[in-house]
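Once you've looked at the hints, dock chain B against the given chain A.
These protein sequence lines are chains A and B, in that order.
Just so you know, full-length UniProt numbering puts 257 at position 257 of the first sequence, and the rest follows in order with no gaps.
Just so you know, full-length UniProt numbering puts 307 at position 307 of the second sequence, and the rest follows in order with no gaps.
By construction, these hints were calculated from the structure, which means they are not laboratory data.
Treat the hints with caution; some may be incorrect.
To be verified - Straight-line distance between alpha carbons at most 27 angstroms, and here's what the computed DSS-like set of lysine-lysine pairs gives:
no., chain 1, residue 1, chain 2, residue 2
1, B, Lys-110, A, Lys-381
2, B, Lys-110, A, Lys-383
3, A, Lys-59, B, Lys-690
4, B, Lys-124, A, Lys-383
5, B, Lys-94, A, Lys-159
6, A, Lys-371, B, Lys-124
7, A, Lys-170, B, Lys-110
Just so we're clear, the structure is a prediction, and the values are computed from it rather than from any experiment.
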Amino acid sequence: HYAMKVKVLSRNPDDYVRETKLDIQRVPRNYDPSLHPFEVTREYTRALNATKLERVFAKPFLASLDGHRDGVNCMAKHPKSLSTILSGSCDGELKLWNLTKRECVRTLQAHEGFVRGVVVRFCGSSFFTIGDDKNIKQWKMETPGYGEEEEPINTILGKSVFTSIDHHHKDAVFVTSGQQVDIWDEQRTSPIRSFSWGVDSINCVRFNPVETELLASCASDRSIVLYDMREAAPLKKVIMTMRSNTLCWNPMEAYHFTCCNEDYNLYTYDMRYLDKPYTVHMDHVSAVLDVDYSPTGQEFVSASFDKSIRIFPKDGGHSREVYHTKRMQHVICIKWSSDNKYILSGSDEMNIRLWKANAAEKLGMLAPREKAAVNYNQKLKEKFQHHPQIRRIARHRHLPKAVYSQVKEIRIMKEARSRKERNVRKHAKPGSMPVVTEKEKHVVTVVK
Amino acid sequence: MIVFWVVQGGSDDERKHCRLLEAISSLGGKTRLAMSESELYFHGSLPTGEGDKINLSDLIGTLDKAPTALTATKKQLKNLEHNHTALDTPLTRKETEQIQRVVAFEKTSKEVSRWQSVVVQNQKAEQLVFPLNQEPSGPKRMEHVVSGWKAQTPLEQEIFNLLHVNQQPLHNPVLTQNEEATMKAMSLEEAKIRRAELQKVRALQSYYEAKARREKKIKSKTYHRVQKKVMRKEYLKRFDEMVKTDPAAALEELKKMELSRMKERMSLKHQNSGKWARSKAIMAKYDDGARKAMQQQLEVNKDLTMKLVIPTNEEDEDEVAEALPDFVNDAEPILDPINPWMRGKLSTEPAAQEESNCLVPPAAGPGDVKAGDGPDLLREEEEQVEETEEEAILRGFEERRKLRRAKDAVEVAPVVMEESEGKSSDDDDEVVEISEFTSLYRGLVKDHVEPPVEPPRAGADPCVSQGEGPALLEEGLVRVRTLEDMELLGQDVSACEPAPQTTQTLSTEQTEPQSATKQADGKRKRKKMIDPNEVLTKEAKVIKVPFAPTAVEDVEDTDEQRFIIKEAFAGDDVISDFLKDKKKQESAGMPKVVDLTLPGWGEWGGGGLQPSRSKRKRFRIKVAPPPPRKDQKLLNVILSEKRNSSVAAHQVSQVMFPFTNPAQFERTIRAPVGHTWNTGNAVQKITAPKIVTQLGAIIEPISREELVKGENQAVTGKSNLRSDQGPQQKRRSQQKKKHKHKKN
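Here chain A stands alone, though its shape is the one from the complex (with noise of 0.2 angstroms):
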């Protein structure tokens, strides 16, 4: 009972011959394990290269887009044209810039003074501007036709002077700040609503993009209030032990916020409970002077005093990038392009930057195969990204000499403060020093 068996080799043409011509050839694979041996040190290879062709190809610096002839006080996206950006120089003049062309479209002298802030509808068919001359303007987006005079539709004269403004999501409603913080349609010539808690003036009130009925604003004294459109009152205060400059919602979780303070700090915060920041986010080495946050609500774009940018994660401590060049001085504000690819810093020294928000990122249209190779090398990366010489390669940024040196005497500061602390603490009566940590430390109090 035994039958001799006679394997002859056969294949089906099923398997090897292509329908047409243009089909892409079958490759018959083997996974088997033991063909391919080494699989970590050759994973671990390709991440090394990746990481090294990463830092190769992070070139994050764009265009500049120079012709203001004062530093660059704001600036505004248009919310339906990706190409489009409008800025404001301290000079009152505003310029509409084509980012595609990476050129001025539309030059026009919008106020006396500085043009302290720019804001486009939610249709993108006009926009306003505020300046030092208590003005608040609202002008055309489209360029006027020969002959016809660049002149604003409205122009609404206030009684102080305007430090920000924004405008409603959805409706025919905007806000500014000064004294109080007004709300206005764009029908009427007065405030249909103003808010005031406290004397200090306001610098800075933004719209929620996704509760588009909330507010926040920053004050001069230390505070970020917190409003209801709908209420009569403001909602909530929380002072701080300093001054935040400006604030940026996330336009993804609806109730976190994120302003940048004088500090050198940036601040996350809940908006249901105030009475500590959600995460503090520090790397910078002078006051940060303007934030927004990427489309995604993922990561977030500071400016700061110290002629750099750093984009930060939402949820992460410090920095997970920094861009400098030589010349941009004082960056003043900045913007995160609504496609999630750009980001653009207005700066001191009369230009506008365009950098790339992943500095390593191939811009354009991808190959598929070439998107399957990218994929598959940040996956490397993110795998052993806690491999020493990986994480080395990965996080070394280069800095300016006098930003490398100032995060040097901070840290020598900082370790200093702590070692006092620490010394007091050990003297001191057990548990007459509570240890508060470092979110508690920068809010003084929360006011009702």
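This is chain B only, laid out in the frame that chain A set:
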């Protein structure tokens, strides 16, 4: 207050009046205010301050004069008078505002908290696709619209049938075939332009041809010579330029030149056999110029016919052997399961075969035949390595062995395990199966992770930051632009890394090759014979090889092949090599005697004088022998207790945040992600990016619709951010509108 409440009906006018007065007072100064107050007094019905309250009886007193119709109200008021519960004074403005704020804040925070589920969901999501509510923007293509539509009514069906008959395209209804053909045809203008171009090209061509012909007709030799010279000069110039600008093209050109040279060599030109050469040869006797020309010609010939030196094969091989990095030697799957040399892995099977083969002395290498010592061939051969007769034959093998050893160091089965691996000989089989580096690697990782290696150092050292906290960047003054810079960075790391502990520097140091050979000599005297049975204590285990040939080969054939291999690698014995290696390591591990005698110290010194014996005895220090080696009883295993410092620089020393224990970390590292190890779909799934954005699409802030969806999902437990808008959302928007109306 009570007053107003009671007499509400009649006091409308009064209130209006008050308001007017207030307005006036706000306009004017003090006098106005005073006047308005006096007026109030005049009316007499208002309280002047908090001190004097109005009594109910005062009010009722006026009613007394009224007719009896008001008796009911009178009664009620009297009842009221009996109740002495007066309302509290109103709160101050500050307090009321605070209460308002608290209430409003609670309300809004509750409203905002509805987003919690969505936010958490997005944080946990494997992948987020932006823009969130994505619909294909722009006008849809006609094909899509058409394909979604089906003929339903009989009329439509009839029309479709007609279309079918006439071969009208249905699914690609852009153009018919004829239309396409006409589209492909050129337009008139295009054709004209093209024709003009062609005409021009043709004319130029003819001019060029005419010129060439004219030049060719010129008989002057000097003209041609000059022309040629010019051409050559130009060519050289161009070539030089090309070398600078486009080396690849230059190389191509060089190849062309080479080819022409070769052709020249093959032809009979410049061989002094032409007419001109012959005539010159005759003239050379008398004419100096002719002689010179001849000589020149000869030189040219010499140049052209010189054979180029081609590097020999041997040198090439050597170079390869040196240049080969370890990783190039990745095991390649080779089909033959029998041949251990070809596989680069020493499985147990070939060893077993060797064992069986040893019983019958094979007619293997010539060296062995000459030795002719019967069953002890293996050992004898080793003893006679130095013998001159065999040297020639063995040198070749030696070379190969070197190559192979380089390979073995990485991957061969005699496992060089790290001590920390902690596996005994029981697990040998398993260890063989795992690729060697992984096991090594794992061991090292474990070794690293279990004890907290370094105490935290204080200081501004950049290395500190990696262990210290979550700092994302390591900022420095160095700009990294090229891969070379990157290497330097890597070196920095290794410098920062704590140096691998060298506790037994003396004992573990590699001995110089000389001393090693000496010791080996000494050993040889002691032990000459190793029985393979003793070495291979384990039963042979057949390893299944994935590409085992399905067709059965002839037995004779395999035998023959085996024989050939045996013959080829006769002097090449893996087992004895391994044992030698082990011996070497053992001897290297033994402590050496340290001689600290200083000649001439305390006595006469100089040439030919030895320090005294007692002194030598005194200053020779014998180090205590190290503890017995762990692989003492494991014959086919070398356990190296050294830490490979070159690997250490690449290893993780801490369990980083998302991981809680080393095993977890190792597991993630061990799972490969590439398409070499995973199927295409799996790779796509594994490497899917966390955030996907669309090129050129504006990402709007999350809208309230998502909230509704999120709430739905929380109920159903699904997570699909892109689900379509449901009826609920519509309802919600309606509610919103109502809300607005209320506000207004």
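Hints, one by one, checked against the model:
1. B/Lys-110 to A/Lys-381: violated, 41 angstroms
2. B/Lys-110 to A/Lys-383: violated, 40 angstroms
3. A/Lys-59 to B/Lys-690: Roughly 23 angstroms between the alpha carbons, so the hint for A/Lys-59 and B/Lys-690 holds.
4. B/Lys-124 to A/Lys-383: holds, 18 angstroms
5. B/Lys-94 to A/Lys-159: Answer holds: B/Lys-94 to A/Lys-159 is near 26 angstroms, not above 27 angstroms.
6. A/Lys-371 to B/Lys-124: At roughly 24 angstroms apart (the allowed maximum being 27 angstroms), B/Lys-124 and A/Lys-371 satisfy the hint.
7. A/Lys-170 to B/Lys-110: Holds, at about 22 angstroms.
The structure does not agree with the numbered hints 1 and 2 stated previously, though it agrees with the rest.
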